[in-house]
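**Student:** When the letters of the sequence shown are read in order and numbered with mature numbering (1 follows the signal peptide of the UniProt record, and there is no 0), they come out as residues -24 to -1, 1 to 36.
In short, the hints are calculated from the structure, not lab data.
Do not take every clue at face value.
Claimed, not checked - Across the chosen pairs, the derived CB separations fall in these ranges:
(1) N(-5) with R21: 18 to 28 Å
(2) Q19 with A(-23): 38 to 48 Å
(3) D18 with N(-5): 16 to 26 Å
(4) N(-5) with R20: 25 to 35 Å
(5) I28 with L(-14): 35 to 45 Å
(6) S8 with S(-18): 40 to 50 Å
Beta carbons are placed, not taken as given, at the ideal position from N, Cα and C, and that holds for glycine.
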Amino acid sequence: MASKVRSVLFLVLSLLLFFNGGRSARNPVSVSHDGRSLKINDQRRLVISGSIHYPRSTPE
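All chains should be modelled from the sequences, with the hints used to inform the complete structure.
**Tutor:** This is how it looks when you write it as structure tokens:
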């Protein structure tokens, strides 16, 4: 029973990926940068990222 469910799930996911892959090829995305921000399809996008280093953080 479980193997049949896995097979059907695999088939459905494979079909979704197959049909969605063709859609993304028709709509290409242009990505560049200008030193401060990313330009995605000629629109400026400011990306802010950060991380926490737990061994370096102060105990409270």
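**Student:** Each hint: holds or not?
**Tutor:** Consistency of the hints with the structure:
no.: 1; hint: N(-5) with R21: 18 to 28 Å; result: holds (23 Å)
no.: 2; hint: Q19 with A(-23): 38 to 48 Å; result: holds (46 Å)
no.: 3; hint: D18 with N(-5): 16 to 26 Å; result: holds (25 Å)
no.: 4; hint: N(-5) with R20: 25 to 35 Å; result: holds (28 Å)
no.: 5; hint: I28 with L(-14): 35 to 45 Å; result: holds (41 Å)
no.: 6; hint: S8 with S(-18): 40 to 50 Å; result: holds (43 Å)
Every hint, counting from the list given before, is met by this structure.
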